[in-house]
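A.B. asks: The lines below spell out each chain.
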Amino acid sequence: METVSTLADQATVGKIIKNGLSKRPVQLMLLTLLISGILTMLTPNFLAQSNLKSVAMGMTYDLIVALGMTYVLIIGGLDLSVGSNIAITSVVTTLLLKNGVAIPIAILAGLATSMIVGGINGFFITKCKMNPFIVTLGTMSLARGAAMTLTSGYFVTSLPKGFLILGRGEISGIPFPVIFAIILVIVFSILLNRFAPLNRGFYVGAHPNNAELVGINVGRTIFTGFVICGLFSGIAAIFMCSRLAMGYAQFGLEMELRALAAAVIGGAGFSGGRGSVWGTFFGVLLLAIINNGFILMDASIYWQKVVNGTILIVAIATAVRNLNND
Amino acid sequence: MQSIESNNHQPLLSIRGGCKYFGGITALDNVDIDVYNHEILALLGDNGAGKSTLIKAVSGAHTLDEGDIFFDGKKVSINRPEDAYKLGIKTVYQDMALFGILDVTSNLFAGAEYTHWGFLQKKKMNQEAFGVLSNLKTTIKTLHQEVRSLSGGQQHAVAIARGVYIGYDPRLIIMDEPTAGLGVKQSREVLRLLKELKREFAIIFITHNLDYAFDTADRIAVLCGGRVVGKRLIQEANQTEIVKLMMGVEDKNNQKI
Ligand SMILES: Nc1ncnc2c1ncn2[C@@H]1O[C@H](COP(=O)(O)OP(=O)(O)O)[C@@H](O)[C@H]1O
Ligand SMILES: [Mg+2]
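Residue numbers (the numbering used here), protein chains in the order written: chain X, 1 to 326; chain C, 327 to 583.
Note that these hints are calculated values from the structure, not bench results.
Being a predicted model, the structure only gives us computed values, none of them experimental.
Treat the hints with care, as some may be off.
So the derived list for chain X, only partly shown, Cβ under 8 Å to chain C, looks like this [what the hints assert, rightly or not]:
no., residue
1, 194
2, 195
3, 196
4, 197
5, 199
6, 202
7, 203
8, 206
9, 207
10, 210
11, 213
12, 214
13, 215
14, 216
15, 273
16, 274
Beta carbons: idealized from backbone N, C-alpha and C, even for Gly.
Taking the hints into account, I'd like the entire structure generated from these sequences.
C.D. replies: Set out below in structure tokens:
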């Protein structure tokens with residue numbers, strides 16, 4: 001999980017560098033720098049402040065959701081319902097706001113909704129021993145269906161001004177959601193590595209039976225993991241509604257694929273016990289920069305989709321292959 | 327209830343009337359067992375005799391369907407591994423129960439991490455891991471490699487270190503087939519360790535190997551089909567008879583002891 005002092009060897013500078021280069025986040029960071037360098041040479045606008053800001057803002061929702069996905073993958077699960085969770089949370093929150101419910105209460109109700117979706121996933125997976133793929137595929141269409149039903153497919157608009165600050169406010173030119181996401185990455189990476197109840201997810205994912213044997217409450221860890229993942233989707237949904245000043249049942253479409261791909265690129269896998277916050281961060285950043293490159297170079301939207309789809313398939317196929325090899 | 331005379335009067339651990347069912351299978355059938363301090367009890371039996379099930383009931387991995395467990399003369403309920411740890415019952419499982427893709431320190435402290443306000447004390451754990459593994463004279467080079475990349479013997483050292491030296495202080499140490507898959511030299515090393523541990527603790531040693539049992543044990547209990555079919559002091563036991571018991575050949579002297 002983390003580099004510790006060696007038993008016998010002395011850690012030399014050469015070894016530290018070699019060790020670092022074998023780590024996924026470091027590899028991804030170098031790759032991101034390389035692609036950024038290429039884009040800087042090819043297009044004059046890449047380093048423009050406005051462009052960097054739009055890249056940062058564009059990747060924020062994916063990042064928050066992908067962190068939840070990473071944890072679910074670490075505990076040996078999978079959550080396909082994250083995108084639909086964004087839809088239902090956005091709809092519940094904005095409908096409450098539109099009907100005059102106080103802003104903090106509407107936000108809390110939205111977050112509670114997202115955690116309930118996660119809790120439903122966790123319940124069926126731990127109590128009924130059902131496959132996460134099946135369960136979350138079910139909640140994926142259930143949550144989106146509920147969102148559509150509640151709104152008849154229309155946007156939910158006319159939200160109170162005060163609510164919009166959350167997504168549109170800035171500190172020295174950096175939007176609130178970006179600041180929040182950066183803090184979340186730092187705090188969550190510390191908690192995941194240091195805070196025992198979260199860290200036990202690694203044991204649970206690596207070998208659930210043995211985790212049970214050493215006294216770890218496997219069911220509770222998995223259940224909590226799905227609730228956390230749901231909550232992260234909910235947080236992304238609140239920022240999205242606030243920034244776009246609406247709720248919509250089509251929010252978060254294909255989010256599960258991007259979050260999954262980013263987490264997997266970042267080192268998580270389907271066999272559990274693996275994944276890192278910084279790996280996922282660079283996974284999301286990499287996907288965002290590649291997409292930005294397409295936009296800057298005026299490539300056709302179809303090509304963009306084809307390339308994106310290819311990256312997702314290759315990332316996920318690699319993870320599946322690793323699962324079979326483990 | 328009859329008991330074998332022993333140099334200690336009160337057993338450290340007793341099971342009375344232990345039963346465990348898996349669906350239609352009776353894995354344990356009315357089992358009575360006593361384990362005394364500073365003694366090695368060898369638990370013998372063929373594959374499927376119920377040895378692992380019995381010790382899992384003591385280690386908190388399973389609970390008995392019927393029967394009572396006494397520890398230090400008091401009735402205890404062991405429903406979770408933590409209950410067993412707290413009593414000082416520590417187990418090295420048959421398949422070692424390691425986490426292959428996690429590093430050595432994580433494996434050593436699995437489920438028994440040092441924490442402060444819920445936060446892992448990694449430095450403290452690494453230092454202790456270093457100390458324990460050095461004492462065991464392992465050839466493990468670094469604490470941060472995946473355990474599955476270690477050799478069989480090294481993995482075994484990690485499992486034993488976790489079962490005996492890390493976390494709660496042991497009073498009863500259970501080793502389920504600790505020599506399975508080991509070479510002769512490594513097995514001898516394990517037997518030597520068992521005898522050393524016996525000076526401080528009570529030991530349950532599960533094995534297939536009669537030579538190893540006779541080499542180390544003070545007493546022998548034989549399981550067959552979930553029942554205890556024989557208990558012998560080592561001085562009274564002979565290998566031919568024990569083999570017969572293990573194979574389920576009825577022994578008319580059985581009920582005498
Ligand atoms: N978790 C389980 N579920 C169902 N049956 C089990 C389980 N564990 C053990 N058994 C059965 O209980 C019996 C005793 O098994 P076990 O205690 O593993 O034997 P041993 O360790 O002596 O080889 C066997 O018939 C085995 O198939
Ligand atoms: Mg066994």
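A.B. asks: Now tell me, hint by hint, if it's right for this structure.
C.D. replies: Status of each hint after checking the structure:
| no. | hint | verdict |
| --- | --- | --- |
| 1 | 194 | 5 Å, holds |
| 2 | 195 | 6 Å, holds |
| 3 | 196 | 5 Å, holds |
| 4 | 197 | 6 Å, holds |
| 5 | 199 | 6 Å, holds |
| 6 | 202 | 6 Å, holds |
| 7 | 203 | 6 Å, holds |
| 8 | 206 | 4 Å, holds |
| 9 | 207 | 5 Å, holds |
| 10 | 210 | 4 Å, holds |
| 11 | 213 | 5 Å, holds |
| 12 | 214 | 3 Å, holds |
| 13 | 215 | 3 Å, holds |
| 14 | 216 | 5 Å, holds |
| 15 | 273 | 5 Å, holds |
| 16 | 274 | 7 Å, holds |
Violated hints for the displayed structure: none, as all numbered hints are satisfied.
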